[in-house]
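With the hints as constraints, model all of the structure from the sequences given.
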Amino acid sequence: MSESILSARGLAKTYLSGDRRIEVLRGVDLDVAAGESVAIRGESGSGKSTLLNLLAGLDAAEAGRLEWTGMPVTTADATRRRAIFLGMVFQAFYLIPEIDALANVLMASRILRAPGAADRARARDLLARVGLTERSTHLPAQLSGGERQRVAVARALMNTPKLLLADEPTGNLDEHTGDAVIELLLSLCRETGTALVLVTHNIAHAEKTNRQLFLHEGVLR
Amino acid sequence: MPWYLYLAFKQLFPTKRFPFFTAISVLGVALGVMVLIIVTSVMGGFGYEIRRMIVETEGEVTVKTTTTIDDVPAALREIRASPGVAAASPFVKGPVMLMAAGHPAFPLFRGLEVGSVEDVTKLSRYVSPVGALAKLDDDSVILSAQLVQTLGAHLGDEIEIYSPLLIENLKNDEVFLPRRFRVVGQLYIGHQQLDSSTVYGTLRAAQEIYGLGRNVHGINVRLKPDAPEEAAVAVLNARLPAKLRGYLWMESWADFLWVLNLEKSINFFLLLFIVIIAAFSVMSSLLISVVRKTREIGLLGALGASARQVALCFCAQAFVIGVSGTTLGVAAGFGVLAIRNDLVHGIANLLQREETLRQFYQFSDLPAHTLPRDLILIIVAAIAISTLAGLFPAWRAARLKPVEALRNE
Numbered sequence: 001m002s003e004s005i006l007s008a009r010g011l012a013k014t015y016l017s018g019d020r021r022i023e024v025l026r027g028v029d030l031d032v033a034a035g036e037s038v039a040i041r042g043e044s045g046s047g048k049s050t051l052l053n054l055l056a057g058l059d060a061a062e063a064g065r066l067e068w069t070g071m072p073v074t075t076a077d078a079t080r081r082r083a084i085f086l087g088m089v090f091q092a093f094y095l096i097p098e099i100d101a102l103a104n105v106l107m108a109s110r111i112l113r114a115p116g117a118a119d120r121a122r123a124r125d126l127l128a129r130v131g132l133t134e135r136s137t138h139l140p141a142q143l144s145g146g147e148r149q150r151v152a153v154a155r156a157l158m159n160t161p162k163l164l165l166a167d168e169p170t171g172n173l174d175e176h177t178g179d180a181v182i183e184l185l186l187s188l189c190r191e192t193g194t195a196l197v198l199v200t201h202n203i204a205h206a207e208k209t210n211r212q213l214f215l216h217e218g219v220l221r
Numbered sequence: 001m002p003w004y005l006y007l008a009f010k011q012l013f014p015t016k017r018f019p020f021f022t023a024i025s026v027l028g029v030a031l032g033v034m035v036l037i038i039v040t041s042v043m044g045g046f047g048y049e050i051r052r053m054i055v056e057t058e059g060e061v062t063v064k065t066t067t068t069i070d071d072v073p074a075a076l077r078e079i080r081a082s083p084g085v086a087a088a089s090p091f092v093k094g095p096v097m098l099m100a101a102g103h104p105a106f107p108l109f110r111g112l113e114v115g116s117v118e119d120v121t122k123l124s125r126y127v128s129p130v131g132a133l134a135k136l137d138d139d140s141v142i143l144s145a146q147l148v149q150t151l152g153a154h155l156g157d158e159i160e161i162y163s164p165l166l167i168e169n170l171k172n173d174e175v176f177l178p179r180r181f182r183v184v185g186q187l188y189i190g191h192q193q194l195d196s197s198t199v200y201g202t203l204r205a206a207q208e209i210y211g212l213g214r215n216v217h218g219i220n221v222r223l224k225p226d227a228p229e230e231a232a233v234a235v236l237n238a239r240l241p242a243k244l245r246g247y248l249w250m251e252s253w254a255d256f257l258w259v260l261n262l263e264k265s266i267n268f269f270l271l272l273f274i275v276i277i278a279a280f281s282v283m284s285s286l287l288i289s290v291v292r293k294t295r296e297i298g299l300l301g302a303l304g305a306s307a308r309q310v311a312l313c314f315c316a317q318a319f320v321i322g323v324s325g326t327t328l329g330v331a332a333g334f335g336v337l338a339i340r341n342d343l344v345h346g347i348a349n350l351l352q353r354e355e356t357l358r359q360f361y362q363f364s365d366l367p368a369h370t371l372p373r374d375l376i377l378i379i380v381a382a383i384a385i386s387t388l389a390g391l392f393p394a395w396r397a398a399r400l401k402p403v404e405a406l407r408n409e
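If you read the protein sequences in the order shown, they are chains A and V.
With the first letter of the first sequence counted as 1, position 115 gets the number 115 in this note's numbering; the numbers rise by one all the way through.
With the first letter of the second sequence counted as 1, position 343 gets the number 343 in this note's numbering; the numbers rise by one all the way through.
These aren't lab readings, by the way, just hints derived from the structure by calculation.
Just so we're clear, the structure is a prediction, and the values are computed from it rather than from any experiment.
No residue lacks a Cβ here, since even glycine has one placed at the ideal position from N, Cα and C.
Residues from chain V shown here face chain A by an in silico Cβ test under 8 Å; the list is partial:
(1) W3
(2) K10
(3) G301
Right under this line is the structure:
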């Protein structure tokens, strides 16, 4: 087994719904090794997206400990480290509508530094690998749902992250397109040695990963 | 270019799409700046024209004393030898009583040295008929336009001028007869205050009316064109005897210029509200943008953008709107100023009121003069106000937590 790049211990999260306290996560433990792909399934509202947000450092857990490459993640340094350590793919793509596909991919590196020729070459290469060379100058509105998600995948891989977190990336796509996106995601992660945490409802997609976990009543098994 | 500037530009001017919200915000700022430039320049133009008229009728400097200047040739020698001085001409000035065809008036009599007055002033430019000033003798006078109108006087008419010495003479039971003058011209400068009740005669006639002998009330001085006014007056005053002092035109007309500046400042302050209202439009469109782009703001956070950078992105948008609007406004303002006279004459012509315009506003053309200081003030104020308008939307955007922003429906 490779070294663990993500380690979560006892993550807990509670939401208030009116007067009720809902324990969404109750001491979640998770280790992800470099290059490993892990699927997390669960019913709607089971806290899959909440867990992913905690793992990405976008939200703070009420209890527990999170480490990226052996280093504890704190609120103070999460933003800066996130851009280098991980990439994210969302169900709703979240492409910036005013800029074309190539610029959307480059946006990930632009946040770290002014993009140079090497960055532009990598963005073009990633677009080629997701099969969108011809669509690089198209705006998101001119792309189909599947194409938009492929741009989002290319963007997530732009900074050569160690971990890719995908939150129901096929949720807005038809079955055929969804299958193609998952195949692409898995093959790119394999090629680049990027670990993948895939949140999905789709059993077939989950079965394509190295490990499958199920989140039920706030506990990950 | 930092990503937040790049994204600010892209959000304001998106590819392949007309930037509707940006255009409205930019136009608002541009409109305010344009109106500010036009009004400030026209007000500046009035000031500039008045300065020109004062200088052209009295020279830049007036040398005066508390009583009268007795050794006029010595004073003139000293003044003319001062560096920065181009020419000097003595004058006598004081109130008199005037009777013309049974109508009384109490104008100011201004006695000029015909031989030297044209070296200092450009009075002849305003006198009609042409050459009347040069032909002025001890028995003739030129009346200001307003006085001609009040008295209904015509060229060649005889008028009588009573000296203030008449009162002193009456105390001694002496008879002091009025002096008769022939009207040989009228002086029309084009500004109400300068065209007010004045009689222009020769220096000798004025000295006689006031019983001054060879003394004068003051000396008008023209400075060399390249001489800095205040420095030249300081040098001149250092050379003059203690009882004489040179006053720059700005000091002599300080109250009038203060009122003019006050009018200009009030106009600037009131018109600045157009820019402030435009800034509210900038703020409103940026707030809409923050709401519309909530999930994108969340995405930027997920990509590693800090709250400060997100705030800068919206501040930069307000700054770019301010700069674009100001640039457009300055260009439009100067564009309108370039055709201002065509516009004014066109409107007056259309309403058949061109003559009324000339009669009441004195200026046949609308003057305009933009001071670099005013221009810089307008540019800085417009950009600063627009940028400040972006602070609230920027703060709202920065406060959004990525996880909540991404969850936003």
